[in-house]
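Modelling step: build the complete structure from the supplied sequences, incorporating the hints.
Protein chains in written order, with our numbering: chain A, 3 to 444; chain B, 278 to 434.
Because the hints were derived from the structure by calculation, they are not lab data.
Errors might be hidden in some of the hints.
What the hints assert, rightly or not - Using 25 Å as the maximum straight-line C-alpha spacing, the simulated DSS-like pairs for lysine-lysine come out as follows:
id	chain 1	residue 1	chain 2	residue 2
1	A	K38	A	K48
2	B	K433	B	K332
3	A	K151	B	K332
4	A	K412	A	K40
5	B	K433	B	K314
6	B	K332	A	K199
7	A	K188	A	K199
8	A	K189	A	K178
9	B	K332	A	K158
10	A	K188	A	K178
11	B	K332	A	K144
12	A	K384	A	K275
Claimed, not checked - A few chain B residues that don't get close to chain A, going by computed Cβ distances all over 10 Å:
id	residue
13	R308
14	A425
15	L432
All values reported here derive from a predicted model rather than from experimental measurement.
Just so it is clear, CB atoms sit at the ideal spot from N, CA and C, and this is done for glycine as well.
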Amino acid sequence: MPTQSLSAERARRMKSSTIKVDYLARVEGEGGLTVKIKGQQVTDVKLRIFEPPRFFEAFLRGRKFSEAPDITARICGICPIAYQMSACHAMEDACGIKITGPIRDLRRLIYCGEWIESHALHVYLLHAPDFLGYEDAIRMAKDHPDEVKRGLRLKKAGNEIVRLLGGREIHPINVKVGGFYKVPDKKEFCALAEELKWARDAALETVRWVAAFAFPELDRDYEFVALRHPDEYPFNEGRLVSNKGLDIAIREYDQNFIEEHVSRSNALQSRLKERNSYFVGPQARYNLNFDKLSPLAQEAARGAGLGPVCRNPFQSIIVRSVELLYACDEALRIIENYEMPDAPAVKVELRVSTGYGCTEAPRGICYHRYRLDDRGVIVDAKIVPPTSQNLKTIEEDLGQFVQSHLVIQKDRLQWQCEQAVRNYDPCISCATHFLKLHLESE
Amino acid sequence: MKAGPSIVVIGIGNEYRSDDGLGIVVARRLRERFLTKITVLEESGEGAALIDSWKGATWVMLVDAVHSGAPPGTIHCFDARAAQIPTGFFHYSTHAFSLAEAIELGRSLNQLPPHLMVYGIEGENFAAGVGLSHPVEQAVEQVVERAATEVCEALKI
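Below you can see the structure in the form of structure tokens.
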């Protein structure tokens, strides 16, 4: 439980995190939150976050199409695969090619690796301490060492997939437009498969573990947006759908979504043109694709008390754990069926065109659009990361949550506000991990 | 891992962010000097990977860039077994989980090596680019010499 001293400790850490954020190439600024309360009314909620991918859009101009996957992978150290995959799919869309067979499967596999490492990190080291009443994973580890060790090993299993297919675990270098530079043969997966069998059991245990947590109540009329594919739980392909009637091809993204600059912040916020805020990420994927989860993942979700739709964002930790399980299960399925392709990549023939790509990053849809000239040089680029798409929803969650919990102690409220932000695993985890909350009463 | 006390030097940083790469530079110079007598690792600083990197080692030295407000080139040295590493002392490009946190999590899990020294050098320039600033280069030379002496003692040579 938070205490006054804990609050002081957080304030102290917040100061130091300002320095810390200065060092992060991808997160140049700090996450901050201001909730204004007048009497018994929340009057304003502001989440301030910098939006580094803007720079990438500018310096992608003038670069060759083939450079986009490696350049955009640098946007994020936790989800580089998402950027590489969206960039590849956009370029392949521009060039009119579609990847099938083992190369397509390997793309799903490397994405499984990213989901496993990202979800394990968030579930165990970033979010679980909120539910168990610890300041951080370090303190939690003293009382729950086995769980933390399990989380670290799960994360490592995901890293291993990315390392094997990507060449290295951070900013992988083996992904290219058209496929990979080099692909493994089947026997290279042997050791990995054994570890993934352990990981699948550990992920099942994770679902059971988090299902027993206590969850604050929050229920809003969200619009969930995710990819949906007729045959599979979405990673790389599908149509963009929502629970409120959206059903569009990826290339129709810009006609339906808009990014807006909010004057108080360097962050752009996305919204649906016709409606408003929307919700992307594991919970959106789950709610729109429950039927595509593997039987094991569906069974685990039901065992954890979830139905095919889960709306309380505080339960996102369960959904994230179900996806962790699914990613292990799917990775094993792909490895089992894998046959080495004749060539690691298909040939890409250029044409003057605009390409669109959208894939499911661990935190939700990651949209890329590139316009290419006749030499394959990028003339224009647009990248929309998942976090900017959730910002409005996070602010609205916080407004409603604070409004309905004004009576609880301020420290407790601050704690749960931070927890509410972490429900979305924003890709500025470091900044929000040191979130500074100002509760201003007039 | 070699038989006997396994000695691991871990350089942390990003060599394309100027002084942030100082840990990598120190590691490489020690590798040139000791070749296969010790294990030298280059790490980005991702916390979970760090905890894993020293697993099984008995003598570990970490080298990373620091930004604490001290003059550039200032050398900080911590005995991580003896005391807690000040959080916020070590920063690098990863999410949520820093070197200091990795060490403290390792301590909570009883997964710290018996000997764990951390060298931090105050950086001056962390902009994109290669090469170290002058005061950092001088400090790197000093740290390499000090580290080499300590490694020799550990190797008993």
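Checklist line | Hints breached by this structure | finding: none
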